[in-house]
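Protein chains: 2
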Amino acid sequence: MNTKHLIVVFCAIVIAGAVYAESRPEEIIKSRQAAYAFLGWNSAKIRAALDPAGTFNKEEVIKSANAIQAIANSGLGALYVKGTDQGTGFHETKLKSEAFDPAYASKLAEVAGNFNKEANTLAVVAATGNKEAIKDQYSKLSATCKGCHDNFRAKNN
Amino acid sequence: MNTKHLIVVFCAIVIAGAVYAESRPEEIIKSRQAAYAFLGWNSAKIRAALDPAGTFNKEEVIKSANAIQAIANSGLGALYVKGTDQGTGFHETKLKSEAFDPAYASKLAEVAGNFNKEANTLAVVAATGNKEAIKDQYSKLSATCKGCHDNFRAKNN
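Chains A and B, in that order, are what the protein sequence lines are. First residue of the first sequence: 1, per this note's numbering; consecutive thereafter. First residue of the second sequence: 1001, per this note's numbering; consecutive thereafter.
No lab work stands behind these hints, which were simulated from the structure alone. Warning: the hint list may mix true and false statements.
Stated by the list, open to error - If you want the ones that stay clear, here's a sample from chain B, every Cβ over 12 Å from chain A, calculated:
hint, residue
1, Q1033
2, E1060
3, S1064
4, K1131
What the hints assert, rightly or not - Restricting the straight-line Cα-Cα distance to at most 25 Å, the calculated cross-link-like pairs of lysine to any residue (SDA-like) are:
hint, chain 1, residue 1, chain 2, residue 2
5, B, K1117, A, A123
6, A, K82, B, T1144
7, A, K63, B, A1127
8, A, K155, B, E1026
9, B, K1155, B, V1124
10, A, K94, B, A1127
11, B, K1058, A, N120
12, A, K58, A, K155
13, B, K1082, A, A123
14, B, K1063, A, D51
15, A, K117, A, A133
16, A, K96, B, F1090
17, B, K1063, A, K155
18, B, K1058, A, G89
19, A, K155, A, G89
20, A, K63, B, I1062
21, B, K1063, A, G54
22, B, K1094, A, P25
23, A, K63, B, A1123
24, A, K63, B, V1124
To be verified - On the chain B side, residues computed to face chain A include the following (Cβ under 8 Å):
hint, residue
25, G1087
26, T1088
27, V1111
28, C1148
Glycine included, C-beta positions come from ideal geometry on N, C-alpha and C.
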């Protein structure tokens, strides 16, 4: 993505966040944690299907990939409301304050954009049922998760 | 749905559940609670968009409807593993033991099937952007949520 694109994505996140600013922080944190926990469940199912010891079922992989795509496109930016880097939803948030630091704005937009891009591509690749291609694309998606975790998620708290 | 269809849906739920039977109950309950909490967030966004005092944004409604559709089609039956009517995920489960009682099998298959059907239809209706049609279909979907809650979810615990 170029700089202009990054700024547009970042602003979309900020604006979307503002819409939910009136919600209680703990509710916002809960919804955020739910989204990523549900993402984790779907991701684990794909990982299990790709495991050499697992059973690859095309239809099941497509379901999970479609769920991940829908999560990525559901407007998660709305759940990054300033101040929600502290507080407890289902558990204490691991979101780092860097998520609201203008110095990290382009990084945030970059990792968010990458996640969306690779999630959308995974859904397309999953539909082909090509296991090796799905494996490659799943690796690319996983890298975007790591890209966000490394920058914006506390290791332990 | 006819009886045969109900039995097929119920068996699919049981078989899918068996696949995850080796997972720890608390992890299964967490994933289940995450799925429904994420569903709740997306549902709340549609409700807010349809509120006379709210702002109807077609693209946002489509995102939420697509997320709900993907949740409904993600294979949630796998999260109804026998024994997970007791235990704590993010919080104590509200699932009633009736979910695993053969006497309620056809009811469970019915409410699960209705939820899927109305969620899939909502995604189709949302894509049209017709606010009144979306309102009608959202009401139908909400009724299926109630149908499950009334039968299989404890009021308070």
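Verification of the supplied hints:
1. Q1033: The claim breaks: Q1033(B) does not keep its Cβ more than 12 Å from every Cβ of chain A (closest is about 7 Å).
2. E1060: violated, 7 Å
3. S1064: Its Cβ does come within 12 Å of chain A, the nearest being 7 Å, so this is violated.
4. K1131: holds, 18 Å
5. K1117(B) - A123(A): Since the Cα atoms of K1117(B) and A123(A) sit roughly 22 Å apart, the hinted pair holds (cutoff 25 Å).
6. K82(A) - T1144(B): violated, 35 Å
7. K63(A) - A1127(B): Answer holds: K63(A) to A1127(B) is near 20 Å, not above 25 Å.
8. K155(A) - E1026(B): Given that 25 Å is the threshold and the Cα spacing comes to 22 Å, the pair holds.
9. K1155(B) - V1124(B): At roughly 32 Å apart (the allowed maximum being 25 Å), V1124(B) and K1155(B) break the hint.
10. K94(A) - A1127(B): violated, 35 Å
11. K1058(B) - N120(A): Roughly 20 Å separates the two Cα atoms, so the pair holds.
12. K58(A) - K155(A): violated, 34 Å
13. K1082(B) - A123(A): Violated, because 31 Å separates the two Cα atoms, which is more than 25 Å.
14. K1063(B) - D51(A): violated, 31 Å
15. K117(A) - A133(A): Roughly 16 Å separates the two Cα atoms, so the pair holds.
16. K96(A) - F1090(B): holds, 21 Å
17. K1063(B) - K155(A): violated, 31 Å
18. K1058(B) - G89(A): Between K1058(B) and G89(A) the Cα gap is close to 29 Å, so the pair fails against 25 Å, i.e. violated.
19. K155(A) - G89(A): The hint holds at about 17 Å.
20. K63(A) - I1062(B): holds, 18 Å
21. K1063(B) - G54(A): Answer violated: K1063(B) to G54(A) is near 32 Å, above 25 Å.
22. K1094(B) - P25(A): Holds, at about 24 Å.
23. K63(A) - A1123(B): Holds, at roughly 15 Å.
24. K63(A) - V1124(B): holds, 18 Å
25. G1087: violated, 15 Å
26. T1088: At 11 Å from the nearest chain A Cβ, T1088(B) fails the 8 Å test, so the hint is violated.
27. V1111: violated, 20 Å
28. C1148: With a minimum Cβ separation of about 18 Å from chain A (threshold 8 Å), the hint on C1148(B) is violated.
Checked against the numbered hints above, the structure violates hints 1, 2, 3, 6, 9, 10, 12, 13, 14, 17, 18, 21, 25, 26, 27 and 28; every other hint is satisfied.
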